[in-house]
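Those sequence lines, one after another, are chains S and Y.
In this text, residue positions in the first sequence follow our numbering: the first is 119, and each later residue adds one.
In this text, residue positions in the second sequence follow our numbering: the first is 5, and each later residue adds one.
These are computed hints drawn from the structure, not numbers from a lab.
For each residue, glycine too, the CB sits at the ideal point set by N, CA and C.
Be aware that a few hints might be false.
To give an idea of the interface, some chain S residues facing chain Y are shown, with a C-beta separation under 7 Å as derived from the structure [what the hints assert, rightly or not]:
1. Val198
2. Ser199
3. Tyr200
4. Ser216
5. Gly287
6. Leu288
7. Ala417
8. Gly418
9. Leu442
DEER-style ranges, computed between Cβ atoms [as the list claims (entries may be wrong)]:
10. Y:Gly125 x S:Lys239: 35 to 41 Å
11. S:Glu151 x Y:Ser94: 46 to 52 Å
12. Y:Ser287 x S:Ser270: 39 to 45 Å
13. Y:Tyr442 x S:Lys239: 48 to 54 Å
14. S:Asp381 x Y:Glu345: 52 to 58 Å
15. S:Val231 x Y:Ala402: 39 to 45 Å
16. S:Asp195 x Y:Thr283: 41 to 47 Å
17. Y:Ser278 x S:Asp250: 51 to 57 Å
18. S:Pro330 x Y:Glu345: 37 to 43 Å
Chain S side only, calculated, beta carbon under 8 Å to chain Y, not exhaustive [claimed, not checked]:
19. Asp217
20. Ile289
21. Thr341
22. Glu419
23. Arg460
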Amino acid sequence: MSHCTLSALSVLLAATSVFAQASAVPQAKLLREVGVGPDLLCVATIPGTAKAYAGGTDGKIYLIDFDEAKSKPIAWDAHVSYISGLALTRKHLISAGSDRQLIWWDVSTKTKVHSLEAHDKKWIRGVALSPDGKILASVGDDMICRLWDAESGKLIRELKGHDKLTPYGLISKLYCCRFSADGKYLATGDQAGVALIWDTASGKQVAKIHAPHLYTSDTNGHTYGGIRSIAFSPDGLLIAVSGNLAGDTSTIVNSKALVQLFDWKANKQTHDFPIKINGFFESICFHPKQPWLIAAVGAGEGKKVFILDLRKKAVLHEFLSNTLVFDIALNESADTLIGVGRKKALRWQLHSGGGTP
Amino acid sequence: MPASSSRSVVCSSPEHLLSRRAFFGTTGGALLGGALGLNALAAPAFANQLQRDQKRVLMIFLNGGMSQFESWDPKPCRPTGGPFMSIPTSIPGYRISELMPRMASSIHRHTAIFRCQQGFGDHTDFTIYGGKPKTGPVRYPTLGPMLARELANPNSQVPHHVMFTNYLGANYFESAGFLGTTWNPINIVPDRIAPTAPFTVGHSRVRLAPPANSLPDSLSDADHREREALRVQLSQRFGIGRSRDGVLLSHSGAYERVRGMMDSARLFDIEQESTQMRTRYGSTPFGQQALVARRLIEAGVPYVRVNRGWWDHHGQNFEFHQEMVPELDYVLSVLLEDLQERGLLRNTLVVTFSEMGRTPGINNAQGRDHYPRMSVTLSGCGIRPGVVHGSTNDDGTAAVTGSVTLQQFFATVMRAVGIDHQKEINNTDGRPVPLTDYGTEPVAAVLA
Numbered sequence: 119m120s121h122c123t124l125s126a127l128s129v130l131l132a133a134t135s136v137f138a139q140a141s142a143v144p145q146a147k148l149l150r151e152v153g154v155g156p157d158l159l160c161v162a163t164i165p166g167t168a169k170a171y172a173g174g175t176d177g178k179i180y181l182i183d184f185d186e187a188k189s190k191p192i193a194w195d196a197h198v199s200y201i202s203g204l205a206l207t208r209k210h211l212i213s214a215g216s217d218r219q220l221i222w223w224d225v226s227t228k229t230k231v232h233s234l235e236a237h238d239k240k241w242i243r244g245v246a247l248s249p250d251g252k253i254l255a256s257v258g259d260d261m262i263c264r265l266w267d268a269e270s271g272k273l274i275r276e277l278k279g280h281d282k283l284t285p286y287g288l289i290s291k292l293y294c295c296r297f298s299a300d301g302k303y304l305a306t307g308d309q310a311g312v313a314l315i316w317d318t319a320s321g322k323q324v325a326k327i328h329a330p331h332l333y334t335s336d337t338n339g340h341t342y343g344g345i346r347s348i349a350f351s352p353d354g355l356l357i358a359v360s361g362n363l364a365g366d367t368s369t370i371v372n373s374k375a376l377v378q379l380f381d382w383k384a385n386k387q388t389h390d391f392p393i394k395i396n397g398f399f400e401s402i403c404f405h406p407k408q409p410w411l412i413a414a415v416g417a418g419e420g421k422k423v424f425i426l427d428l429r430k431k432a433v434l435h436e437f438l439s440n441t442l443v444f445d446i447a448l449n450e451s452a453d454t455l456i457g458v459g460r461k462k463a464l465r466w467q468l469h470s471g472g473g474t475p
Numbered sequence: 005m006p007a008s009s010s011r012s013v014v015c016s017s018p019e020h021l022l023s024r025r026a027f028f029g030t031t032g033g034a035l036l037g038g039a040l041g042l043n044a045l046a047a048p049a050f051a052n053q054l055q056r057d058q059k060r061v062l063m064i065f066l067n068g069g070m071s072q073f074e075s076w077d078p079k080p081c082r083p084t085g086g087p088f089m090s091i092p093t094s095i096p097g098y099r100i101s102e103l104m105p106r107m108a109s110s111i112h113r114h115t116a117i118f119r120c121q122q123g124f125g126d127h128t129d130f131t132i133y134g135g136k137p138k139t140g141p142v143r144y145p146t147l148g149p150m151l152a153r154e155l156a157n158p159n160s161q162v163p164h165h166v167m168f169t170n171y172l173g174a175n176y177f178e179s180a181g182f183l184g185t186t187w188n189p190i191n192i193v194p195d196r197i198a199p200t201a202p203f204t205v206g207h208s209r210v211r212l213a214p215p216a217n218s219l220p221d222s223l224s225d226a227d228h229r230e231r232e233a234l235r236v237q238l239s240q241r242f243g244i245g246r247s248r249d250g251v252l253l254s255h256s257g258a259y260e261r262v263r264g265m266m267d268s269a270r271l272f273d274i275e276q277e278s279t280q281m282r283t284r285y286g287s288t289p290f291g292q293q294a295l296v297a298r299r300l301i302e303a304g305v306p307y308v309r310v311n312r313g314w315w316d317h318h319g320q321n322f323e324f325h326q327e328m329v330p331e332l333d334y335v336l337s338v339l340l341e342d343l344q345e346r347g348l349l350r351n352t353l354v355v356t357f358s359e360m361g362r363t364p365g366i367n368n369a370q371g372r373d374h375y376p377r378m379s380v381t382l383s384g385c386g387i388r389p390g391v392v393h394g395s396t397n398d399d400g401t402a403a404v405t406g407s408v409t410l411q412q413f414f415a416t417v418m419r420a421v422g423i424d425h426q427k428e429i430n431n432t433d434g435r436p437v438p439l440t441d442y443g444t445e446p447v448a449a450v451l452a
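So here's chain Y without its partners, still in its complex pose (with noise of 0.2 Å):
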């Protein structure tokens, strides 16, 4: 478990705040300053709970922004409804699009709804970062590395953060930012493939694994395994007086990840899978990536994302979703299923989530365009299931109730799988920073 300090046991009150920031800056900011220094601010009772319980957040980002319209929050029968229909749910009182006929049927048992969810009006990782800055001079880390940092298990050697991508649109990578490059996601994008006439465009060719994960055939396993003692004997004289230097242990962290991503190849490969197993998750790349997903989150790692995209429908916005919504609506379905028939669901929270949602006008090109609001979801672990939270007025112009903010989504996500979001994390400065801004509560009602 990563060095912390928890503001739950200390007053966040500004005069305390300012004094022991005083206190960094002077006396204690040497000895304190640097990932390493943090461990004595740990709180080892909390770090041991979380451990125990191999709390796992499986992300699906669905890049490009879905329409809230042609899925969670359906206005049919309306100017900016669209031409889809809207389906009674498990949830009464609830209606989602006719696209998600599955999770209408079963939404009751596992998931909460976001229908008013900040997002922001560009493609930009904004939201991944919950409305923090990318530049500054505060590298703050995105959502995925603070989640993967506060629930990896020291003595795994799975990965502690992977996201798959199965398109070749802007992606929004993960940035661990002051956290150290450790905590940093293994990508996993597809090849391009060059365009062929007549098409403008090219084809991507889907990843399930990483790219270079097995030793070449030059080199034997026992081999390389004498080659990773060697350096870590050099490593440890080389770092003996250099224990705070945050570089050298993201560098020794990334060479045990690697030896141990590849001892963990056969999580990236579904033919280790039963062939109905494999045909439950579809035969998309999207389906295909969810099963690793799932394999990697029942072997302990923390963090995986998966991104679905291109979500950014301009043009032909309903074909579009027609297509997609069904897929998402299936492989969620399959996903969430799978999760809880194997016992994982109490401890794995999935989250839907996007940069944006889509305009209530639907313009020109029979397509949606870029609007800083959209609805997300959360299920399984810490979640109270059948809770729709907020509501936007006839035409989905504007939220009634219920706006939740970046920070308030990032807050309720933490605090369903119990990690403390109010935790201070100091900056590679020393500086404590909150996991989420002070005073930030997360949404209540939809935590169990």
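One chain only, chain S, in its complex shape (with noise of 0.2 Å):
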């Protein structure tokens, strides 16, 4: 999955006064909702318009406008199977898939500039844009964090930390990745509840935080769950991961959905948000100006977006999706968020409405 596309910049000067403020009470409104044939995995914004590129299922790529009212959104074949990342360079948009390729797209053209097998013949399950552009990240069956030269696809280096196996035996996956919003840090998370910083500029690991709770093996043998989503928090001080509480394993019923934070220096669990609501939390992002992370629920019943309140440690906001949400993201001021998720696009504007809850 994708991420929330900020700004480096903008994130580092709301970040300076995220947690000293008071939560003003949050409101969310629909702006519009765009339907598409497919499930929408994965979101990348465009800066600056209220348009977004979004991965099917069905290996297309969506331009999806949000201010156009009646138009379709224009899609091309990009990969064979569903697409997992997207990342919007200054040149480029980058895709990738579970056909396990890395494709770098002229979006002007919608033609591909350059593409390559990019995790040992695993699929790719996300990828992550530095805030300076620079760097591409991307995370793989194969357990490895890439990091390639954003414009040339150049390999960087690998990343390798994350175990092969669960504690049962079977194979593990490696779910996710984002950077920290000064770009020094990466984050990387995986099935068994394992996440993993690396300093982005030596490839060294850093910190190991274990989310257990995000990780079980049930009584049908199965091992179950993993980091789906992670966040560094704007000061770049907590890491938040997401996923789902185990509950009926096979149906996600009675299941909560579950976002932990972590004070990853210390290696101390600062917040735990369990949400009955039978389902995943697919995706997480921080809000930069306000003390919010907003976790959207998908792959389950729960058709909610949530406002968390890192303060008061409770929720804060939810509203209604309307579908399932895999990926989210909030455009450069932070005003509106874009969701992407079961057959569906959607965008709302975010207010921090007034006073405190």
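Two chains, each in its own frame: build the complex with the hints.
Structural data, given as structure tokens:
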């Protein structure tokens, strides 16, 4: 899945005061809902516009204009299987898929500039772009995070540290990655509930967080769960990981969507948000100007987006998404939120409201 | 060899069936009813042949319903196909899920596939009953006891029928029905471990052997054998004049099997295998149970069933299949290789089967729901390898050719191991019941 595409500058400016101020009462207003044929698994916003690229389960990339009321999304064939990640650089759109391909696109012509099999014939689970736009990180089921020159596609280095097997001896998965707002660190999260934090410049692993509640083996011998999304707080001090607190694993009935936060340098859990909603928090995103963590429910029955109050450690606001949401992204000014999911793309306006709840 | 009648020597016309039933219902019923009375109808030559051949069946039952889309009948790049790609196999023109690379490279050697096998749209034991009612005037047996009974060597002290489970979901236990409890399996199920916070579900501790297959410390083997001799003596005295009592026979048979099983305790012990062999089967419970199953097959147990569950992935279907299908691919391919290397595969039929398949549609939870059609495999004994029977349309929503009913599947399995699938076995009230419905034909295309 891709990520909140915030510019480094806006994040850094906002981060200085995030936890100092009181929480305003947030409001989310649905601006537009766009129907598409397939499920959309990932999104990359286009700065300065109401447009976004989304990757579908039909292997197509969709260009969605939320300002054009009746316009159909423009789509082109990109992969031969699900598209799992998108990142937009100054020159290219980069897509990743379960067909193992990492592809650089010229979006003006919608032609392929460069492509490679990035993860040893394994699925690519997600990509992340560094805040300066120079480095692309990709994670795949070979359990390696690879850093690429975001424009040339040249491999910079490999980050190895995640176990290939779960503690139950079955193959593990490396689901997600995300850079810190200053780009100094990169976090990766796997199926076994392990998050590793890396120094981007040196490639050295600098911390290891274990979120065991996001992973279990159930009565039926399934290893289950995993860190499905990961994010640094704007000040870089906290790591948030999300997924599901196991219930009935085959149906996700009676399960809770779960977000946990850690002070990663101290290796200490600071927040715990188990939400009874029968689903996974597939995508999370810190708000750069408010002490909020936005978490969207995908792959379940709960069709909601939650705004979590980091200061009060409680749900501050929740709103219906009318569909399962697999990925979310804030625009650069953090006043609109785009979500993509089950056959839909949605755009909300976020208001900080007034006063404290 | 159990006593039975064979339809191969009797005309199967309705008229004759009617007259034979009338015969059993009147003069012959009292004489021939009951399990022992069937000896009179046995076909010794056929039975001896089966014993000589020592045919066996090893079933891998995929409880919960594995997806055919993520295994034997993939539909990549279709709306129903899911994220996985297909890969070519060693059978020209046949592709399977990318999750099964080992089977893909070796599938032509031993295996035939039914792509359109009838299943059932819910979690029941309907399929292992061959679609027969579980309750009613006739207590039909499931597939396992029928095979065990037909293939068992009466002189063997090893168990007839062993079933392993490595999960705690629905088990669909085999039932011998009117065949008598002798043919029921020894069920080896895992322990439930209570859930611990924060999890809402518990864990399981998988067993590789029956929980009490050794003597307590307070009882020596000699003492136990003396007790058994005394029990046999008393039982034989009690049995005088009760030779047709099925309950008594099953009771005595159970004691003998217990003794035989304790003598066979080492069979369940994979520590008897080399480290290399244990490593070869892998460290997962399923792999370890498959290794024990091979040991049992090698020792002459005629029917072993290993359950691998739980495949009921209404949610997160692709994540779970990505984890479980490679394990199946690995264990199944290692098992077939091992049986082949030991010369056992020519007399052992390895079956993968289930209660259902999964829907073409993908639901909100990224899952697939219940679907009454699945894909199954038959490998080894009596099978023409490399045959892909049946086909589905582009989206896998309908069978195009080669649908196989449950009764046809049973008949095919039986014929593969040399059992006359139309053979009649007398019900407890003396009525002949065929192993498969009258008129059922096996799928000849997959038989050697």
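Taking the hints in turn, this is what the structure says about them:
{"no.": "1", "hint": "Val198", "in the structure": "6 Å, holds"}
{"no.": "2", "hint": "Ser199", "in the structure": "5 Å, holds"}
{"no.": "3", "hint": "Tyr200", "in the structure": "4 Å, holds"}
{"no.": "4", "hint": "Ser216", "in the structure": "4 Å, holds"}
{"no.": "5", "hint": "Gly287", "in the structure": "5 Å, holds"}
{"no.": "6", "hint": "Leu288", "in the structure": "5 Å, holds"}
{"no.": "7", "hint": "Ala417", "in the structure": "5 Å, holds"}
{"no.": "8", "hint": "Gly418", "in the structure": "5 Å, holds"}
{"no.": "9", "hint": "Leu442", "in the structure": "6 Å, holds"}
{"no.": "10", "hint": "Y:Gly125 x S:Lys239: 35 to 41 Å", "in the structure": "36 Å, holds"}
{"no.": "11", "hint": "S:Glu151 x Y:Ser94: 46 to 52 Å", "in the structure": "49 Å, holds"}
{"no.": "12", "hint": "Y:Ser287 x S:Ser270: 39 to 45 Å", "in the structure": "42 Å, holds"}
{"no.": "13", "hint": "Y:Tyr442 x S:Lys239: 48 to 54 Å", "in the structure": "52 Å, holds"}
{"no.": "14", "hint": "S:Asp381 x Y:Glu345: 52 to 58 Å", "in the structure": "55 Å, holds"}
{"no.": "15", "hint": "S:Val231 x Y:Ala402: 39 to 45 Å", "in the structure": "41 Å, holds"}
{"no.": "16", "hint": "S:Asp195 x Y:Thr283: 41 to 47 Å", "in the structure": "44 Å, holds"}
{"no.": "17", "hint": "Y:Ser278 x S:Asp250: 51 to 57 Å", "in the structure": "56 Å, holds"}
{"no.": "18", "hint": "S:Pro330 x Y:Glu345: 37 to 43 Å", "in the structure": "41 Å, holds"}
{"no.": "19", "hint": "Asp217", "in the structure": "7 Å, holds"}
{"no.": "20", "hint": "Ile289", "in the structure": "6 Å, holds"}
{"no.": "21", "hint": "Thr341", "in the structure": "6 Å, holds"}
{"no.": "22", "hint": "Glu419", "in the structure": "6 Å, holds"}
{"no.": "23", "hint": "Arg460", "in the structure": "6 Å, holds"}
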